[in-house]
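Chains as they are written, first to last, in my numbering: chain A, 1 to 210; chain B, 1 to 210.
Some hints could be false.
Heads up, the list lumps identical chains together, so a pair's fine if it works in one copy or across two of them.
Unchecked claim - Derived pair list, reagent style DSSO-like, types lysine-lysine, alpha-carbon separation capped at 30 Å:
| no. | residue 1 | residue 2 |
| --- | --- | --- |
| 1 | K101 | K75 |
| 2 | K75 | K30 |
| 3 | K56 | K20 |
| 4 | K188 | K56 |
| 5 | K76 | K166 |
Simulated from the structure, these hints should not be mistaken for lab results.
Number of protein chains: 2
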Amino acid sequence: MGATTKDGMDIADKSREIVKRKIFEVLNEKIDLYSDEEMGLIERVVHATADPEYAKLILFNNGPIKNCLDALNNKKPIITDISMVKAGIRYNNIVCTISDKETFEYAKKYGITRAVASIRSLKDEIDGGIIVIGNAPTALLEVIRLYNEEKIRPKLVLGVPVGFVKASESKELLRTLNIPSISTIGPKGGTPIAVSLMNGIIALSKNERI
Amino acid sequence: MGATTKDGMDIADKSREIVKRKIFEVLNEKIDLYSDEEMGLIERVVHATADPEYAKLILFNNGPIKNCLDALNNKKPIITDISMVKAGIRYNNIVCTISDKETFEYAKKYGITRAVASIRSLKDEIDGGIIVIGNAPTALLEVIRLYNEEKIRPKLVLGVPVGFVKASESKELLRTLNIPSISTIGPKGGTPIAVSLMNGIIALSKNERI
């Protein structure tokens with residue numbers, strides 16, 4: 001969970017116990033519907049946000065963990081929508097071009113968001129790779145467009161954009177497609193959710209405690 | 001709000017309208033207790049998290065906005081507890097040493113968290129500077145120790161650590177002191193809250209739309 005010192009790990013352990021209890025309060029017997037790996041990821045999100053409501057908001061579709069582990073084993077890149085998400089993920093092949101000058105110019109020229117411009121320019125990396133969207137609904141909608149119109153096939157779309165405009169709808173649309181995905185129901189989502197889920201799967205790939 | 005293209009700004013505008021409505025539903029007539037600047041910052045947090053509950057969780061103590069603006073005008077550094085917070089803030093004098101080799105060694109040697117080690121080693125920058133804590137309660141407790149025991153006087157403590165262990169208590173303790181601070185009630189907090197508040201004050205310092 002990021003802690004590397006004894007004090008840090010003591011806090012993480014104690015927190016994890018409380019987190020498990022809070023999740024049980026939210027899910028009750030529905031807790032049995034989740035695999036150990038899925039529950040480990042949900043615990044990470046509740047730990048990162050102190051918001052137990054996430055236990056009932058996170059959805060796993062089309063074998064996202066297995067597909068993501070395959071991609072990680074094959075050293076595929078992780079593409080992120082924003083720099084904050086990149087900064088939080090512990091992996092050495094992460095791409096994020098949102099702040100590049102070229103992205104800004106491309107966005108301006110075509111009247112699209114920087115998030116869309118960035119995703120569109122990275123479609124070759126996204127094909128067979130892992131795409132993590134923690135902020136921009138328009139970035140997720142562009143991934144869906146690439147899937148539908150350009151046959152781009154990510155191994156995982158971790159799509160948790162946040163906000164009251166387009167975020168819910170973009171995630172609902174994602175879940176109608178045959179893409180391995182992890183997403184949230186409704187407007188909630190964001191960087192800590194994206195990062196804690198992704199770091200959880202990376203921990204799994206190294207056989208570390210999730 | 002980070003948007004720089006027309007599409008991006010349209011989404012931001014529409015979102016802001018919804019955010020204002022949601023905040024009103026939470027605060028009702030208590031909305032009049034806040035200054036325009038404070039309400040602008042609260043709107044940013046609700047926009048960044050899609051979680052209107054934050055409207056009643058954010059507290060401003062001892063003139064935090066004015067003191068922070070003074071520090072920004074004097075080009076004082078912003079110190080952050082973790083890299084993700086640093087990655088999200090738009091300012092050119094930001095310091096974060098949590099991932100430095102020296103910090104790790106110092107933490108190991110003295111049996112403290114990396115967060116504490118990092119804050120302790122930056123006390124000269126924190127004195128008269130702006131300290132933003134979006135993750136680690138132990139980092140906030142160390143800032144409080146530096147205030148009490150070593151007379152370190154930050155111009156703003158933006159203290160929104162998250163979690164079920166020590167986070168609430170560390171923020172309550174902060175609010176008992178005569179330090180300009182912005183903090184949250186209870187276990188909730190985290191990177192998006194820290195970043196949206198800090199970028200909001202930076203926007204104010206440039207007379208940009210908050």
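The hints, checked one at a time:
no., hint, in the structure
1, K101 <-> K75, "both (27 Å within a copy, 26 Å between copies)"
2, K75 <-> K30, "neither (35 Å within a copy, 53 Å between copies)"
3, K56 <-> K20, "both (13 Å within a copy, 26 Å between copies)"
4, K188 <-> K56, "both (12 Å within a copy, 17 Å between copies)"
5, K76 <-> K166, "within (29 Å within a copy, 38 Å between copies)"
Hint 2 from the list above is the single one not met by this structure.
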